Structure formats: C-alpha cells, structure tokens
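Going line by line, the protein sequences match chains A and B. Quick note: the first sequence uses my numbering, first residue 1, plus one each step. Quick note: the second sequence uses my numbering, first residue 1, plus one each step.
None of these hints come from the bench; they were simulated from the model. Some clues are possibly wrong.
Below are the DSBU-like pairs computed for lysine-lysine, each with C-alpha atoms no more than 30 Å apart in a straight line [as the list claims (entries may be wrong)]: (1) LYS54/A with LYS393/B; (2) LYS122/A with LYS393/B; (3) LYS387/B with LYS44/A; (4) LYS390/B with LYS122/A; (5) LYS390/B with LYS75/A; (6) LYS109/B with LYS99/A; (7) LYS92/A with LYS332/B; (8) LYS7/A with LYS99/A; (9) LYS99/A with LYS332/B; (10) LYS387/B with LYS127/A.
Listing some non-contacts, in silico: residues in chain A with all C-beta distances to chain B over 10 Å [to be verified]: (11) GLU6; (12) GLU80; (13) LEU126.
Label-pair restraints from in silico Cβ distances [to be verified]: (14) ARG16/A with LYS387/B: 20 to 28 Å; (15) THR86/A with LYS170/B: 57 to 65 Å; (16) LYS170/B with GLU95/A: 53 to 61 Å; (17) HIS103/A with LEU222/B: 40 to 48 Å; (18) HIS103/A with ASN369/B: 34 to 42 Å.
Please read all numbers here as calculations on a predicted model, not as lab measurements. Backbone N, C-alpha and C define an ideal beta-carbon position, used for all residues, glycine too.
Listed here are the chains, written in short residue letters.
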Amino acid sequence: MPVYSEKVMDHFMHPRNVGEIENADGVGEVGNPVCGDMMTFYIKVKDGRLEDVKYKTFGCGAAIAVSSMVSEMAKGATIEEAQKITPESVAKMLEGLPKQKFHCSNLGAQALNKAIDDYLIKTGKLKADDSKCCPFCDHEDRENDPVCQQGCQVNISEAKTS
Amino acid sequence: MTKVYLDHSAAAPLLPEVREAMMPYLGMDFGNPLSLHDWGDAPRDALEEARVQVAALIGAANPEEVIFTASGTESNNFAIKGLALAQQNKGKHIVISAIEHFSVMNSAKFMEKLGYEVSEVPVDKNGLVDPENVGKAIRPDTVLVSIMHANGEVGTIQPLAEISKITKEKKVVLHTDAVATCGAIPVSVKELGVDALSLAGNPFYGPKGSAALWVRRGVRILPLMDGGIQEGGRRAGTEDIAAIIGMGKAAQIAARDLVERGQKLTQIRDQLINGLPAKIPHVVVTGDLVKRLPGHASFCVEFIEGEAMLMMLNSQGVAVSSGSSCTSRALKASHVLLAMGYNHEIAQGSLLFTMGIQNKPEDIDHVLNVMPPIVERLREMSPVYSKFIKANKGGQ
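Excised from the complex, chain A in its bound form (with noise of 0.2 Å):
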C-alpha cells in the first residue's frame, strides 16, 4: 500500500492556490527548517469572506497537500468558517495522513489561522494578546486552554503574567 493516500498525491502533484498575495489582508508563517515543514499563508479578505488564499511551502509530500488542502478549503469562506478548520478536518478531507505526519506536517490550519489572527489584529478586531495562536510558539491555543498542548508545553497564562 503508498504511504499516501490518492487524495493527498493529487494535492502534492497538484496543488492548488500555490503563491504569494502581493499586499495581502493577513500573512502567517509557521514551522521552522529544523522539524522539516515551514508555510506562509496569504490571505485577501472582502466583506468578511476569504476573497484569495494563497500559500508557499518548504516541506515533504503531506506539508504541500496540506496546504493545498487548507486553502481549497478556505478559499471563499467566511472567516468563521475558516477559522473552523482544524488539523483533523484537513486529515480527514485528505483521506488521511500517515501517523508520524499527522503533526509535524499538518500546519496549515495553524499557518492559516495565523493569517486571520493578524488580519484581525490589523483591522483592530482582535487584540495582539487575544491571539488565537501561542505566544510562544506557532501552534494555536483555541480551547484557551492555559498550557500549549500541542506545542511549547509553555503554560501561557503563568508566562504571560511573570
């Protein structure tokens, strides 16, 4: 059997939305060379929706189907919508991920979300500290959840008031 499934080959060999938005609303980047997988996240809003998602990628197979994935599935959404998109909707919309791909390549969401957190912060909808991603590292925080589980390990209510 592959090791990937027949969605993710089609997003890696094809993938879609791949880019650069020149004067975008809302940039995240995510990821560093050192686990294997960085991504940068574009995105162009109107009338609250995500009018243009664009990406760029360093990484393996699953890393460019994932972002490929993220942005066909967040391209014309609302920025609720999108901000519902979560590692495990993506996996699932891919016909999975290999285990030990599961998170160090499934960044998209959080690269995506990260771009909305800044264009919200931008437009003065968000504050920078109500940032949906940790401080401290680029996983997102959204159950407000006092410790970054999945990432830092960093208890971020303590951090943030030392």
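Please build the complex by placing chain B on the supplied structure of chain A, with the hints as guidance.
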C-alpha cells in the same frame, strides 16, 4: 515509463547465479550442518565453502575468523557489545565517529547504560575523520574504537589504515563497519589493520539476511547469542544455510568483478556528480569527491525538502532516498549531515543516489532530464526560496 532504480543502498537485486546457488538449500539439501548423518554433509560443506569465499573477499587469512550473522546491524551490535564486554576488566571506554550507522551508535548508547563511556570523534565538512583526533580520544581505559570504512549516506571513505596505526600503537581493538565498502572497493583486513570488520551480503547482490562479522584470531569477543556450538560457539542458532551460500557466491563474484564494477560505477557516479550541479544552481555535493564510494552520489538541493523531491522523482520512474527529517520515521534530520556542519535547512534537501551494476549512462541522462523541472517546481512553491530571491535582489 522509463524506470530507473538508484537506491541500491536500501536494497539491491539478487544476482541470478546467486539465486541458483541458493536453490538446492531451499529444496533437497535442507539438512542441518551439525547433523552427523548424510543429510548434514552437503549443507556443512557448502557452509564452509561460503566461509572461504567471504574470507577471500576481505583478504582474511583464516576462514574460521568469519562469523555469519543475519544482518549488518547484527554484526555491528555483536562487535560493539561483544568486543567491549569481553574486555570489561580492562576498561569501559569506547570511541566511535560522529557519523556511524545507527546500529553502531545505538549499540554504543546501550553500552553507556551498562556503565561504559562513549566518545565521538568529529568529522570535517567532507565527512572525514582525522586519525589524530582518534588518537586524542583514546584513553588508558579505552577498550574499543569503531570507525566505519565508508559512510552510506555521503560515500566518504575513511583513512582506516592510518587510524589502525594509532590503535595498534595504543593497543586498542579496532572495529570497522565495512557494509558499504565490501564488494564495492578492495577491502583487505590485513592492509586496513583492523581487528574486526562487519559486512553484509545484499550490497554486493547477495541475499538480504546474510552478513558476517570477521574477528581476527586472538581477539576476544563475547557472544550475544548463547546456545549451541554453531559458528564456533560465537553465534548460536541454526544457520540460514541458503542465505549464507548466497552470500558466499556473491562474494566470489564480487571479488572476481571488483575492478570492472568499480570502473563502471565510478563513471556513471561522476556523470551525475558533475551533471546535476551543472544543470541546477544551488546544489551541493555532500561527502568527499575523491575518497568516495563508486556508484554513490549524494547532494543537498537548497531551499527545498528531500521527501518532496523523492516523491516527484518516483512519479518520473526514478527511485532514490533522502536523509531529510520527513523521510526518517524518527523525524530527525540526518545526524551525518549535521555532524559535517550542514545546517538543518540544507540537510532537509538531502538526496541520495546509489547506483548498481545494472545501471547505464542512459539512466543518469534520464535523471538529469527530469530533475531540473522538479526542483524548479518545488522552489517556486518554497517560502525559503522566495526569501532568498528577495534578499538577493535587495543586496544588488
């Protein structure tokens, strides 16, 4: 579609002559070499013939110094643990290089749990160990030095004969993992001056599951497998006769064809090593250009990641491997490239081509044709590359 297999370090095909030599031992000659009745005769004779053939490949004077095992990994485990444990009253310090195979590194780590200390000798940018550094790492309580003959990931061949001068002078046992070199370049345990040497059958077109550890007569080793008297009591367990016969036959053919194979493989290796950086900018050849395995070409392609290249090459019928984090199940970048001083970003773009005797210059032409558009496509997608382009434009 053109299919080009360039991943011989992962798996090599069995030679037809080798398969043929193995067949009787998968059929009517199924007997146990230890048996005293007639069924034991043919397997016993064949086993000892294979031992002679393997000994001849590595220039060993005494065939009984060859202990058959089931993998290069087992041979390395046996060497590190068995040689160190046999000398535990003398000392508990082991010296290895920073770019050893995991079977050596992790065996050394295991010995740390038993109270041994391990020193790692660094390598230079080309992956070469400086013999002087080996000398410096040796202490009065050092009982074992293990330096690989050649590295499978970057192809660099170590100056073992110089290293053995030092270990002999300091009276320390020297083991070498020669899995990558046996059958690929001339290997003589006498000229190398080593005390123990690991080799495996598959790299020279023998069967998987065939391997050996050569231990010079007079060097003590503690068995890891306790049981019967097979392999002189040093490795108990009923022998996989077919695999051993296959390894012997493959060793015999390798010894015969060594020079011819080497010349052919060096030629197509250099075709790729010279061709790829000429066709694609920002490609680094990893490892030493001269002290290098024939049939071994390794690169780091900057700004992109190895697994993505590997997958795209596969879609063009080309099989290769990579040392990037994403291709390793452990999700760690190659310890070899990091030890050579490459940063994580470049190490992620690692790509390894290992050629075999069936490869032809046309196979390399195919790679040189399909590779540039793949790299271009992935670079267009890469945020690292766009940052590089922007930074360069700003600088001009």
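Results of checking the hints against the structure:
The hinted pair formed by LYS54/A and LYS393/B meets the criterion: a straight-line CA distance of about 23 Å does not exceed 30 Å. The suggested pairing of LYS122/A with LYS393/B holds, with an alpha-carbon distance near 28 Å, which does not exceed 30 Å. Our distance criterion of 30 Å between C-alpha atoms is met by LYS387/B and LYS44/A, whose separation comes to about 21 Å. As the CA atoms of LYS390/B and LYS122/A are separated by approximately 24 Å, the hinted pair is consistent with the 30 Å bound.
Between LYS390/B and LYS75/A the CA atoms are separated by roughly 27 Å; this keeps the pair inside 30 Å, and the hint holds. Distance hint between LYS109/B and LYS99/A is fulfilled; the C-alpha atoms sit about 27 Å from each other, no more than 30 Å. Under the criterion of a C-alpha separation no larger than 30 Å, the hint pairing LYS92/A with LYS332/B is consistent with the structure, at around 26 Å. A threshold of 30 Å between alpha carbons decides the hint, and for LYS7/A with LYS99/A the separation of about 16 Å falls inside it, so the pair holds.
A threshold of 30 Å between alpha carbons decides the hint, and for LYS99/A with LYS332/B the separation of about 15 Å falls inside it, so the pair holds. For the hint linking LYS387/B to LYS127/A, the alpha-carbon distance of about 28 Å falls within 30 Å, and the restraint holds. The beta carbon of GLU6/A is kept farther than 10 Å from every beta carbon of chain B, the shortest such distance being approximately 13 Å. No beta-carbon of chain B comes within 10 Å of the beta-carbon of GLU80/A; the shortest separation is about 27 Å.
For LEU126/A, the shortest C-beta to C-beta distance to chain B comes to about 24 Å, beyond the 10 Å cut-off, and the non-interface label holds. The given range of 20 to 28 Å is respected by ARG16/A and LYS387/B, whose C-beta atoms sit roughly 23 Å from each other. For THR86/A paired with LYS170/B, a C-beta distance near 60 Å keeps the hint of 57 to 65 Å intact. Judged by the Cβ atoms, the range 53 to 61 Å given for LYS170/B and GLU95/A holds: they are separated by roughly 59 Å.
Between HIS103/A and LEU222/B the Cβ separation comes to about 41 Å, which falls inside the hinted range of 40 to 48 Å. For HIS103/A and ASN369/B, the hinted distance range of 34 to 42 Å is satisfied, since their beta carbons lie about 37 Å from each other.
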